[in-house]
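Make a model of the complete structure from these sequences and hints.
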Amino acid sequence: MKITDVKTVLLTGPLTNDPSLLVFRKLRSAAFIEIHTDTELIGIGETYTGYHAPEIVPEIVEFFKPVLLGLQDDDIQPRRLWDRMYHCANFWARSGIGVNVLAGIEGALWDLRGKMDKQPVYQLLGGRRHDKLLSYATGSIANYPWSGLIQKIERYQKAGFRAAKFAAGWYDAANKKVFTGRTPQAWVEMECEKLQTIRQQIGKDFIICMDGHMGNVHDERITGWDVGIAKAVLRALEPYDIFFFEEPLNYNDLDGYAELCRNTAIPVAGGENLATREEFWQFAKAGAFDIAQPDASYIGMGAFVDVAHMFAQQNKRVATHSWSSGAGTMENIHAAFATPNVAILELAPLAGPLHTEIYAPGYRFKDGYILPPNVPGLGVRLTDDIKNKYPFVRGSGEWNAVPGKSNFM
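For reference, each letter of the sequence shown is one residue, going 7 to 415 in this note's numbering.
Among the clues, some could well be false.
As the list claims (entries may be wrong) - The calculated PhoX-like cross-link candidates involving lysine-lysine, where the alpha carbons are at most 25 Å apart (straight line), are: (1) K124 <-> K8; (2) K138 <-> K164; (3) K138 <-> K124; (4) K32 <-> K124; (5) K372 <-> K164; (6) K164 <-> K210; (7) K138 <-> K393; (8) K372 <-> K13; (9) K13 <-> K124; (10) K71 <-> K8; (11) K393 <-> K13; (12) K237 <-> K124.
To be verified - Distance windows between CB atoms, simulated: (13) R100 <-> R31: 28 to 38 Å; (14) N23 <-> E65: 27 to 37 Å; (15) F30 <-> R188: 17 to 27 Å; (16) N181 <-> D11: 35 to 45 Å; (17) R100 <-> N181: 37 to 47 Å.
For the record, the hints were derived by calculation from the structure and aren't laboratory data. Where a beta carbon is used, it is the ideal one built from N, C-alpha and C, also for glycine.
See below:
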């Protein structure tokens, strides 16, 4: 068997079937990499870059393509090839978008290798370490009034979830308003009111995760947190049994994260913006995350497993970050099943067709848990029918640079 071509497939489709998310965004983009062979086997991967800057992906794939063309059988070793491609681009892709696109190519290589060996990819990454993994519905905004947030959580419960994550602050879709607290006390009072309402109406058994989104504050009406605000809010929320609090500070505030971890009982999580093992290592040695959040479609599947091992040496856990579509979700699921210290998986609830139609062969969800995929490769498909139904729309990335386009479509 020989690799004959490497192609990029860009698609645009409905973001979700979750009405509470559709209030701020209707579409999503995605970038897939196909590795073709002279047999019927095709490897399929996804890069998270396709959600933000899809137009850039094809040229980067073309840069790496010559490394793969003509490779045969035993030459198709994803970890070895990741190293080779990374070093080909080490003057411009040590971090950032180059290595992020490389993650999608690596995912396609793992998918192809799994199909060649007739094994699920997690077996190739070190073997299955779990019978099932707890998952949470990633709910994004905290809808306001709180009745909207409660309805959202009840929808997730009805869909089978035992856990959910939602953002700090709130968003009032009817009036297009956001919470604009300017003082630690204003944030503390609002977040405590929110959590008290949830616990009173949903109960104490439902698992709650929170996301500060302080790594990507992009609204001038919202004040980003410093360590003082984060410390005050997290300490105040300790009685409400928060599973973790994600990105309570800007993603590169290493010292701030370390201080926060020492000063709250709530596990502090982060890492969705970190693109390499080396970046995670800086946080690991500083004691700056209680729960690290690598994304296999952003950092790569091999690197995900390595980062998890890094934090396991410190008796720390990892949780997947996952906001790619179907193939990226499966990359994270396989990496997680090969990783003993995974705490919980992030999933798109009430997912749209760029999830459900793509991961249909391998995705298994039951009673709030993900079960290990039982098909060769990643367990994804990218048919001509899918490509034709969801043609790419330029400017459909989340924060796009197309003149006249809204950031949120």
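* Looking at the structure, which of the earlier hints fail to hold? -> 4, 7, 8, 12, 16
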